[in-house]
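Trainee: In case you want the letters, here they are:
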Amino acid sequence: MSDGSPDLPEAAVRRLESNSFSSGLSVPDFAACLDLGLQPVALVQGFCVMQWGWYGAGSGYMRGASPYFGGQQYPGAYAETYRCPHGFVSTEHRTWGQNIEQPWVEAAWAQGYGSAYARMLEEAALHGAHGAIGVVDRVSHLADTGTTEFHFLGTAVTVEGGPPPAGGTPWSTYLAGQRLTKSIEAGFMPVAVVAALASVRVWAYCMTEYLMEGARTWGGPIGPQEVEQVSKAHMAVRQLARKHVREQLAGDALHGASIQVEKRELAAGDEVIDCTLRGNRMRRFKEFDEVPAPRPTVRLT
Amino acid sequence: MSSPPTADPRAEMLQGARSLAEAPPPGEARGITSDLSVDEALLLHSAGWEPVDLVCGVAVVSVPVGVWNWGQGTISAATDAHNTAVESAARQLRGECTKVHGHGVVGVRVQVEVRPHHIDVELVGTAVQPVAGTDGGGTPFVSDLSARDFILLKGAGWMPVGLAFGACFVYAPRRSAGVAMKQKTQNVELTNFTEAMYTARESAMERMQRSALDAGGQGVVQVRVTEGPMSFARHAVGFTAWGTAVRLVADSHQFLRPELVLPLDDAVVTFEAQSLRGK
Chain X
1 MSDGSPDLPE
11 AAVRRLESNS
21 FSSGLSVPDF
31 AACLDLGLQP
41 VALVQGFCVM
51 QWGWYGAGSG
61 YMRGASPYFG
71 GQQYPGAYAE
81 TYRCPHGFVS
91 TEHRTWGQNI
101 EQPWVEAAWA
111 QGYGSAYARM
121 LEEAALHGAH
131 GAIGVVDRVS
141 HLADTGTTEF
151 HFLGTAVTVE
161 GGPPPAGGTP
171 WSTYLAGQRL
181 TKSIEAGFMP
191 VAVVAALASV
201 RVWAYCMTEY
211 LMEGARTWGG
221 PIGPQEVEQV
231 SKAHMAVRQL
241 ARKHVREQLA
251 GDALHGASIQ
261 VEKRELAAGD
271 EVIDCTLRGN
281 RMRRFKEFDE
291 VPAPRPTVRL
301 T
Chain B
302 MSSPPTADPR
312 AEMLQGARSL
322 AEAPPPGEAR
332 GITSDLSVDE
342 ALLLHSAGWE
352 PVDLVCGVAV
362 VSVPVGVWNW
372 GQGTISAATD
382 AHNTAVESAA
392 RQLRGECTKV
402 HGHGVVGVRV
412 QVEVRPHHID
422 VELVGTAVQP
432 VAGTDGGGTP
442 FVSDLSARDF
452 ILLKGAGWMP
462 VGLAFGACFV
472 YAPRRSAGVA
482 MKQKTQNVEL
492 TNFTEAMYTA
502 RESAMERMQR
512 SALDAGGQGV
522 VQVRVTEGPM
532 SFARHAVGFT
542 AWGTAVRLVA
552 DSHQFLRPEL
562 VLPLDDAVVT
572 FEAQSLRGK
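Just so you know, the sequences run in chain order X and B.
With the working numbering applied, the first sequence covers 1 to 301.
With the working numbering applied, the second sequence covers 302 to 580.
None of these hints come from the bench; they were simulated from the model.
Short derived list, chain X residues pointing at chain B, Cβ under 8 angstroms:
id: 1; residue: G37
id: 2; residue: T181
id: 3; residue: I184
id: 4; residue: M189
id: 5; residue: S231
id: 6; residue: M235
id: 7; residue: D252
id: 8; residue: R283
id: 9; residue: P294
Beta carbons are placed, not taken as given, at the ideal position from N, Cα and C, and that holds for glycine.
Chain B extracted, bound-state conformation:
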């Protein structure tokens, strides 16, 4: 591998300052916008990719009145609302990406807000394209992987294909009056809640897996989950799972064989003022 070019930072700074003293170039070009860090932009460039534009997708989907009341089994209206909101937001994100000729979106930040009467989903990321600027043609990919992870994944022969999402909301069944009375003074597992969590989890994971397969993925990486009772309906538990669906595009997985690095800087704090106070 060739060694990196040695740069004189002072000379480059001076060159940059001089460029500002001159008249700016004609402003016809559409400048890029990106929420990537400098490191991420450089990494992308090293792999032949570049940022194009900041893109967003937002959807607000209603939840019918009364669905959070006591009941049994899956709260299908809330589950459907969640999945509809995610699909709509992802569709808008892909639409914005296509409009700026991006091939995909990386570093997507996912924000989901579950309210009693509506579910809001917001996706924000940076559309990217190969430096050569060829037209993507197909459906752009959407990924919540950082630019660094995207490059690592690509180096290993895989590509992201889309966001895989799954959510499920389930009623925790009521205990009978007798069981509730009997358990009142006991340290005991509340199996109704445990079972509800398992039901929600299985259903959400299955949906996530199905959405990955529908997008043409072979698996899902960087899966994140949220779980727990709803703040406004403690008898209802929700489970959401999402990650990036990936597909092997090389003939086989490419092993990266990382180098081992032993940093010589000592991370141990040698002197701590607080310790003088006996803390």
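Okay, chain X solo, but in the shape it has when bound:
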């Protein structure tokens, strides 16, 4: 469906061919949209459901991913190794650990997110829309099925007298109404909604394990100290998310960024940290107008 061919369900084609419009905008946003010279065309949506089989131990994606099996995971991916300072202790002793980026998870997330997004834009393009505003995206787990649903929803619009977008792909933004108007006034035109997920797996080595379960060594408890491996994994996952988003910006700006981190603890120190960063890719089309100095006011209410 995402290859741009008009293979929408028959009911969707009937709906799209009718002369009425639909929109997900609130009344104030609708009014602001008309004021900007935008004409709502249709409420457009995109879905994609992905199965998360790549986490499974038997999955082909996991082969070579564990530091205990050795080997470089993916060229260019983040990886950091930690070695035990104690020498051989026992076979259960964690003699080494690793922080590794999980590009297969990131690629799968990008596939699900990208497909749902492309399908929403495909619907918008079929309407002849120039853009999609007030975009809402939702990434949620379908009940206990090991699958994730990606859902996009937005209002397709045309710009009065405006040219079709470059390459025929409509522009898109999470903004609508007053916030979109202010952005345009400030000289920023929305290009696309952008998002990326970064995923880092922490395989704890002995010191991380000790510190995360109470900082005790053979000599007894030790004082508080920074858990270097986990701290670095947290920093790395946030830096990777920003790097992945920056790769999509191509010199444009990211406004209204939102960063969310989810961690799943598997054992003491062992965890998976996922970081999602999303925002509006904006292009400056004019310099800032002179902005008057703000006047402080006190409301008498």
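Once you have looked at the hints, place chain B on chain X.
Mentor: Frame of chain X, contents of chain B only:
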């Protein structure tokens, strides 16, 4: 004051749409990233500042085993762990800010998670710099003030210098068996808990004040506090306080003299469907 320029939103929208129909400029420039709203970005610009990059600082510090067991006085290991985690996270945040040539970080969101065996601190904000783009030189400031509050503070002749933090964890002393039995059926103040709260509070506030002074601040604004027993150790109480340390950079405080505004929109709900159902 000059009146704001009148803009034709339709013409500007059209101009923006046309810019997308053309080939994008060469992608060598490093675009800015920011979690500020449009309002905040405009406000910053009006004061001659602009966002540069989204920056983060995270630290996870271990808490030794057994420190949450019964005891007396301050739980110094947990208190030290908390303060170490905050300092480390703030150091990383400043490091990221320096790397992108920011002069400081505004709108920092502070997340602290106290767990039995480790304390996690996460700081996320937007690095900012003057529009002229001069090199900051000194240590970047870190502030949890919003861009709006930053502009107001600056307009009043003050500047943020850093995040001031203080935390303290204290054991609530056990009551003797006799006192516990006697109080069992009474509505009575548990002075052991009250005193523990006061001890934790005084110590945390003192630490916060000291960290503000160490950063070169004269005071702390927008202080927030959290307090209460630990969810995993009800006999231990914690108190954390943080805010933005500020310093007067003008000769004296500048009075802003705000205008009084009486909005003419009536906030009273004139018709409520629920009222028809007697609710």
